[in-house]
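Mapping the sequence shown onto this note's numbering, position 205 (from 1) lands on 205, and the numbers just tick up by one.
Since the hints were made in silico from the structure, they are not lab data.
Idealized CB from N, CA, C, for every residue including glycine.
Incorrect hints may have been included.
[To be verified] With beta-carbon atoms standing in for the labels, derived distance ranges:
1. Ala25 / Pro110: 29 to 37 Å
2. Glu88 / Ala342: 45 to 53 Å
3. Glu213 / Pro110: 33 to 41 Å
4. Arg160 / Ala135: 41 to 49 Å
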Amino acid sequence: MAVGWDEAAAVGAWVGLPPLDGDLAADACVVGLGGSGLAAIESLLDRGLSVVGVDAGRVAAGAAGRNGGFLLGGPDAYLHAAIDAWGEEPAVWLYRATLRELDHLAALVPEVVRRVGSIRLAGLPGDPESAEEAADHARELQDCHRHEAALVRNGIAVERYDGSLGRGLFLPDDAAMNPAHRAIALAGLLSHRASLHEGTRVLDVGHEQVSTERGTITARIVIVAVDGRLDVLLPQLSDRVRTARLQMIATAPVSPGRLHCPVYGRWGYDYAQQLADGRLFVGGGRDRFEADEWAIDSEPSEPVQQYVQHIATRFAGAPVSVTHRWAASVGFTHDGRALCTAVDDGVVAIGGYNGTGNLVGPVAARAAVALALDGTPPPSCFAS
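Modelling step: build the complete structure from the supplied sequences, incorporating the hints.
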């Protein structure tokens with residue numbers, strides 16, 4: 001089935017970008033036209049550079065246009081966990097940087113961003129279906145208290161949630177979007193300033209040269225902004241980032257207003273967003289089938305799809321009818337820090353967002369531009 005986000009009128013009206021037609025030269029080349037690649041292009045243009053950007057498929061045809069559409073502050077790890085792993089300063093810096101990125105995105109494409117907050121739920125909506133689930137729910141509720149304490153200590157807005165879905169935290173600074181619409185809107189703005197090309201698969205990346213099926217791009221600066229399959233495009237990173245498959249469904253409308261904002265539960269593994277017309281966009285279950293989901297195949301699998309459909313009924317509070325099923329490839333790192341690293345002279349790679357790249361990716365992109373142009377080391381919340 002097609003990706004549910006692509007049903008939006010703004011996405012369906014996208015006329016596309018021409019593929020590369022022969023060799024080109026520019027000051028900079030960006031590989032990947034998802035959220036992070038488009039942010040890198042914007043930053044390079046703002047520095048006065050000429051830019052060529054390429055993508056193997058349509059803008060945001062990968063995970064950038066197939067994710068849950070959550071715009072959440074911070075990295076994949078909850079703030080207290082990130083502080084435990086990386087230290088207070090880098091974890092809080094990244095959290096604040098993602099909120100600044102959200103403000104910037106909302107200013108650029110206000111028609112895309114819905115400033116509705118998000119809910120971190122302990123467990124899933126509805127009564128636990130087993131003693132094991134009930135125990136896990138209790139553990140997560142305690143973890144929510146630690147999460148809340150870290151946010152309060154650092155002056156980040158948070159409220160306790162106790163409502164029809166269950167108990168947890170409400171984070172009012174967060175937002176929601178259609179991720180495909182976000183990328184297409186940004187590409188439309190940037191295409192007047194940069195040479196952007198869809199349908200242009202990259203074969204090789206090296207010093208001052210990007211080889212594609214449709215020609216060679218010569219550029220002194222190259223930013224590889226690919227998350228899923230980054231380890232395939234740049235095998236030298238295969239010991240630092242690993243591709244996984246995330247899966248989602250869209251449903252026919254259920255009771256409008258059931259989910260007033262994006263909701264993620266069960267330690268963030270399961271998540272859902274509801275649109276104004278009542279449709280649900282639901283994903284998750286990767287941890288339940290982890291061995292099979294370390295894969296570069298982006299086709300949905302039956303076991304995960306059955307699980308996601310089941311949890312969709314929990315989020316909906318009623319049976320659901322599935323209208324779309326899809327999957328996407330994303331990158332995971334060993335310690336939860338996204339990559340922002342030089343891989344050759346003048347070549348910087350970013351990726352490995354651990355499933356939460358909608359805001360972390362653009363922050364990494366701006367750090368990559370600073371590294372490539374100024375030699376500025378990336379903040380320590382990134383693996384360099």
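### Task
With 33 to 41 Å as the target window, see if Glu213 and Pro110 comply at their CB atoms.
holds (37 Å)
Next item on the list: Check the following: the C-beta atoms of Arg160 and Ala135 are separated by a distance inside 41 to 49 Å.
Entry: violated (21 Å)
Checklist line | Outcome for the supplied range 29 to 37 Å, where the beta carbon pair is Ala25 and Pro110 | finding: Hint holds: Cβ distance 35 Å, inside 29 to 37 Å.
C-beta pair Glu88, Ala342: status relative to the range 45 to 53 Å that was hinted: Distance hint for Glu88, Ala342 is violated at roughly 27 Å.
Hint violations for this structure: numbers 2 and 4, all remaining hints satisfied.
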